[in-house]
Amino acid sequence: GDSVTQMEGPVTLSEEAFLTINCTYTATGYPSLFWYVQYPGEGLQLLLKATKADDKGSNKGFEATYRKETTSFHLEKGSVQVSDSAVYFCALSSGSARQLTFGSGTQLTVLP
Amino acid sequence: DAGVIQSPRHEVTEMGQEVTLRCKPISGHNSLFWYRQTMMRGLELLIYFNNNVPIDDSGMPEDRFSAKMPNASFSTLKIQPSEPRDSAVYFCASSREATNEKLFFGSGTQLSVL
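Chains as they are written, first to last, in this note's numbering: chain A, 1 to 112; chain B, 113 to 226.
Rather than coming from a laboratory, the hints here were simulated on the basis of the structure. Hints are supplied without guarantee of correctness; some may be wrong.
Which residues of chain B face chain A? A partial, calculated answer using Cβ under 8 angstroms [to be verified]:
#	residue
1	Val-116
2	Gly-154
3	Leu-157
4	Asp-169
5	Ala-179
6	Lys-190
7	Leu-215
8	Ser-219
We treat Cβ as the ideally placed atom computed from N, Cα and C, and that holds for glycine.
Same shape as in the complex, but just chain A:
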């Protein structure tokens, strides 16, 4: 079945550091890929998405590129802020129902 594998956390960075959170996937068919973010005490919210190979999703300074050849969708940000501290989930959807399959989440803490 479909699955998403994220890099293990937690990740701790200083403010303005470069961020990469790795995500790889296994899926039948041609999935869409997503990053969701969960801030403390809140539910998940969609951060960005990409629907086909070589698409780049971007939002709030975060970017991720759909790499079909490596089945990856790594999340990057050039300069993180304290307010980016959250749990980040990689996800995919495939099949006729397009239901989401989530990764295990990666906790990011940004220190001032």
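For this one, chain A is given, so just place chain B on it according to the hints.
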């Protein structure tokens, strides 16, 4: 827009008791999802509804769990009897897109079964 509203935010109960979690989706959204989040298993889809009808309940762990959606603005997830291994954060999410890919999550219910 008030977003997806869940209640209660926290629930502490004893093993064997009945627990009912509540959810109000965003108005106009026609799909509703219940997820469970634990450290060990991550985020798991329990059940989802489309136009108030249960479509896929294959993620419901066992018969102790049941979910209803009597109308477009309300859903419940019930656990009877509850067990300590049910302790988790339960999220409700809704969507208005046919593909169900863009979900709006509530803040969750933290359930502790002692």
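Results of checking the hints against the structure:
{"no.": "1", "hint": "Val-116", "verdict": "holds (7 angstroms)"}
{"no.": "2", "hint": "Gly-154", "verdict": "holds (4 angstroms)"}
{"no.": "3", "hint": "Leu-157", "verdict": "holds (7 angstroms)"}
{"no.": "4", "hint": "Asp-169", "verdict": "violated (13 angstroms)"}
{"no.": "5", "hint": "Ala-179", "verdict": "violated (16 angstroms)"}
{"no.": "6", "hint": "Lys-190", "verdict": "violated (20 angstroms)"}
{"no.": "7", "hint": "Leu-215", "verdict": "holds (7 angstroms)"}
{"no.": "8", "hint": "Ser-219", "verdict": "holds (5 angstroms)"}
Taken one by one, the earlier hints fail for this structure at numbers 4, 5, 6, listed in ascending order.
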